[in-house]
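Q: Given next are the chains, with one letter for each unit.
Protein chains: 2
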Amino acid sequence: MADSTGDARILDDAAGTDSSPSLYQRILTDIRDRIVSGEWEPGYRIPFEHELTEQYGCSRMTVNKALSQLAKSGLIERRRRSGSFVRRPQSQAAVLEIHDIRIEVEALGLPYRYELIAQTRRRANTTDRERLGLDVQGQVLALQCLHFAGSRPFCVEDRLISLTAVPEAADEQFSEAAPGPWLIGRVPWSSAEHVIRATAADTETAAELNVANGSPCLVVERRTWSAERPVTHVRFTYPANAHAVVARFTPSDS
Amino acid sequence: MADSTGDARILDDAAGTDSSPSLYQRILTDIRDRIVSGEWEPGYRIPFEHELTEQYGCSRMTVNKALSQLAKSGLIERRRRSGSFVRRPQSQAAVLEIHDIRIEVEALGLPYRYELIAQTRRRANTTDRERLGLDVQGQVLALQCLHFAGSRPFCVEDRLISLTAVPEAADEQFSEAAPGPWLIGRVPWSSAEHVIRATAADTETAAELNVANGSPCLVVERRTWSAERPVTHVRFTYPANAHAVVARFTPSDS
DNA sequence: CGTTCAAATATGTATATACATAATTTTCAA
DNA sequence: TTGAAAATTATGTATATACATATTTGAACG
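Sequence lines, in order, name chains A and B.
Residue 37 in my numbering sits at position 37 of the first sequence; the count goes up by one each step and never skips.
Residue 49 in my numbering sits at position 49 of the second sequence; the count goes up by one each step and never skips.
Rather than coming from a laboratory, the hints here were simulated on the basis of the structure.
Don't take each hint at face value.
To be verified - Short, incomplete list of chain A residues facing chain B, as computed with Cβ under 10 Å:
no., residue
1, Q69
2, E193
3, H194
4, V195
5, A201
6, S215
7, V220
8, Y238
9, A240
The beta carbon of each residue, even a glycine, is placed where N, CA and C say it ideally should be.
Modelling step: build the complete structure from the supplied sequences, incorporating the hints.
A: So this is what it looks like as structure tokens:
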């Protein structure tokens, strides 16, 4: 009797929808999409297991499997008796830190200051599209900023924001707040790519960083996507010896 | 009846052992330890679910949960009808590639050549212990090598291997095979840390890489652990523009 | 001798159920 | 009013069971 009930449910579902991805995976991606799209903001209480159980017409075990995985991957937080909540966008991944430069500078015991050098709004040109990984035209916001540690320049930031993905950025001044923290608090990212290399400082960069022309610099570029959509591309240029990128990795099964 | 059986089992286990970590997690770490310690080598067939079920006196669901997670984290591979097998050490993590320089060079369409410059065996000195993160003394093997792309030097490798962790390395010549691939095929790593920075080439490095003194270089350092034990530390120095480190990251719940 | 088809088998996903555990809310007495 | 005990609730882990699915093995047959 118990079995035949379950059986009927499975068959019903199979008939109703395409059941090629498993149910628990469908639940998982449904929830993940809602979080990543911003529909469910940080702090939002995800429906209780028993509610999802009803919505999907499945058992609690199935829902639990999906939610447990989301918790393990860090997208949600589960609290007994209270429910499951969307976590605020992880500001540092297990992997490569999405660094907040203010924190980096203050960790050195130096006062932090931020300065906006230039701000341009334009239709994406070829270079912009390449940087963002866009295939269609659209408005972008280009920013150039300087971060200071004490009185000395700490790094140059060269950023491009897709206004298609983040229209609110158009109304933002960025004269006080740096675009990095602003974006992080606003747009949950689902994927990121870093490219790290060394270059010799060109004339402009050398002047901005107050180093000798041609001296070695560390360049960190990051491209960020939210739900498959390009959000921002940023290039940080640091004078050598001022900065190192640290990445730790442990297979995540323990 | 079915319930009381399960019930009795749980109580038995609780009485017999400390049950503070959950059973499925105990199974998971048991297997993980055996793989990482090298007891179960790549290709080894892990006991079938029904065998583990007997060993741990639990249900298949519990064993399945542990094995599924190990599969998701990439440590094992599961094949229907055949069983679960230890995968060969992941040569590239989802995160930061543990790069095989030969492959990198050949991807550029250039012939690859490797040359051993120096090889020293010694008791670990202070610097060595610092590089490896060792707290006790022990024998280490220090290697210096050059990797060529065509006739031009591609990068300098400066490596330290803990002979406590890899005693076989003492008998290896490393005149033909580079230590990187040799180690990767032999020691499964459980954790890795990368530090990436830019420097100006010192006299020695400049000579080896055939670049101007003081020209910018990208330095990638990696420390590797196997089951909490330091295995190797390596520092790659590349002339700028010859190399970039690429890291991709997507939260792993999909 | 090879090809096809059926049995066997291990994993994959789902169910209903049970009890543990942590945290909040309610109740009730001092 | 406060403070301790009890009820409530959502998640955490485990069980027994069922059937699906992929793959190998082996048998039957042309």
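Q: Now, for every hint given, state plainly whether the structure supports it.
A: Against the structure, the hints:
no. : hint : result
1   : Q69  : holds, 5 Å
2   : E193 : holds, 5 Å
3   : H194 : holds, 4 Å
4   : V195 : holds, 5 Å
5   : A201 : holds, 8 Å
6   : S215 : holds, 7 Å
7   : V220 : holds, 9 Å
8   : Y238 : holds, 8 Å
9   : A240 : holds, 4 Å
Violated hints: none; the structure is consistent with every hint.
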